[in-house]
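**Q** As a plain string of letters, each chain reads:
Protein chains: 2
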Amino acid sequence: MDDKFASLYLDKQLCFPLYAASRLTTKLYGPYLDKLDITYPQYLVMLVLWQHNSQTVNKIGQRLMLESNTLTPLLKRLEAKGLLSRKRAEIDERTVIVALTKKGDDLKAAAASIPEQIFSSFQDESVSIAEITIFKDMLEKLINSLDEKVNKAK
Amino acid sequence: MDDKFASLYLDKQLCFPLYAASRLTTKLYGPYLDKLDITYPQYLVMLVLWQHNSQTVNKIGQRLMLESNTLTPLLKRLEAKGLLSRKRAEIDERTVIVALTKKGDDLKAAAASIPEQIFSSFQDESVSIAEITIFKDMLEKLINSLDEKVNKAK
DNA sequence: TATATTTTAATCGTGCACGATTAAAACGAT
DNA sequence: ATCGTTTTAATCGTGCACGATTAAAATATA
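Chains as they are written, first to last, in this note's numbering: chain A, 68 to 221; chain B, 68 to 221.
No wet-lab data here; the hints were simulated from the structure.
Keep in mind that this is a model prediction, so the values were computed, not measured.
One or more of the hints may lead you astray.
As the list claims (entries may be wrong) - Here are a few chain B residues that face chain A, going by a calculated C-beta distance under 10 Å:
{"no.": "1", "residue": "C82"}
{"no.": "2", "residue": "S89"}
{"no.": "3", "residue": "L111"}
{"no.": "4", "residue": "I158"}
{"no.": "5", "residue": "A178"}
{"no.": "6", "residue": "I185"}
{"no.": "7", "residue": "N218"}
Glycine residues also receive a C-beta, built at the ideal position from the N, C-alpha and C atoms.
Given only the sequences and the hints, what does the whole structure look like? Please build it.
**A** Next comes the structure, spelled out in structure tokens:
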């Protein structure tokens, strides 16, 4: 059966599975993050801070591909939870330095088991580690390509 | 260098690339969807309706993995644009039937070139069609696995 | 047939995403 | 040194996502 609109079928497109997979992944983290009382985007910010503490809003944005319009309110919420501090840099008053508090740093220990638990929940599946590695490589290639196209103006 | 928190590094995780790829994909569609005056989630709903017209909110939700709390307001916006109609089914007053209007159906022609244009923007890349196919298969496998884990209660 | 249960869409509140704009600080070029 | 440009974070408005709840209709059960 020939259909000149076949390209518009949902299942022919790459865009929907990416969207669905991303949302499902967020939900998968849900129960673990509830225990830490943070959301998934907040978790990503904490990951960045646990790996490289004390950095500008801009730097966090580069690492997560987010800008201040998203980050500023999110960082304020994490500040309100007592997990980080925000203060203007003396050397350059335009920038705001975000740094973990003791409480924020301590949360790292509670979060340490999450990747392992997420990972092991896939162990009984037909998806091998080798496959996941290939998949992640392709995903990163795709991101680089997309990033170039989307941000070509900048 | 040994690091007991290495698993918490952003670049070791699968979750972030999925999140980033999904957001970048949405942005890539941006310019094309601006011309149709719809958003990306609205485009997904239209794809579903172009493929199978006249269905309940529930059915659309199954296809996009969304629920009425997200869909109802979104459908109302598309209704306000004159692209679809919403009305209670006579046979079962609980359900709402969503159907394309003439205008909504006509938009299909304008959208028909989008997948091609998106696809061709990757042509100069090092990503082959074969690779994309493998990637999509893995993505769907991942979605099925995630869906099972996330919705195991239901 | 009454009553309990399930299904369906809608509503509400919170927290992202993001385009567009703003204000202040820093920088650069004359 | 001054003035225009760039950089940086913040603000604002709109539109998702989604957990929790609600109300009405349909269905199942006693």
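**Q** Evaluate each hint against the coordinates.
**A** Cross-check of the supplied hints:
1. Nearest Cβ of chain A to the Cβ of C82 (chain B): about 5 Å, under the 10 Å cut. The hint holds.
2. Interface hint status for S89 (chain B): upheld, as the beta-carbon distance to the closest one in chain A is roughly 4 Å, under 10 Å.
3. Because the closest C-beta pair between L111 (chain B) and chain A is about 6 Å apart, less than 10 Å, the hint holds.
4. Checking I158 (chain B) against chain A: minimum C-beta separation of about 26 Å lies over 10 Å; hint violated.
5. With a cut of 10 Å, the hint placing A178 (chain B) at the interface with chain A holds, because the nearest CB-to-CB distance is about 6 Å.
6. The criterion of a C-beta within 10 Å of any C-beta in chain A is met by I185 (chain B), whose closest approach is roughly 8 Å, and the hint holds.
7. The interface hint given for N218 (chain B) is met, as the beta carbon of that residue sits about 9 Å from the closest beta carbon of chain A, less than 10 Å.
In summary, the structure is inconsistent with hint 4 from the numbered list given earlier, while agreeing with all the others.
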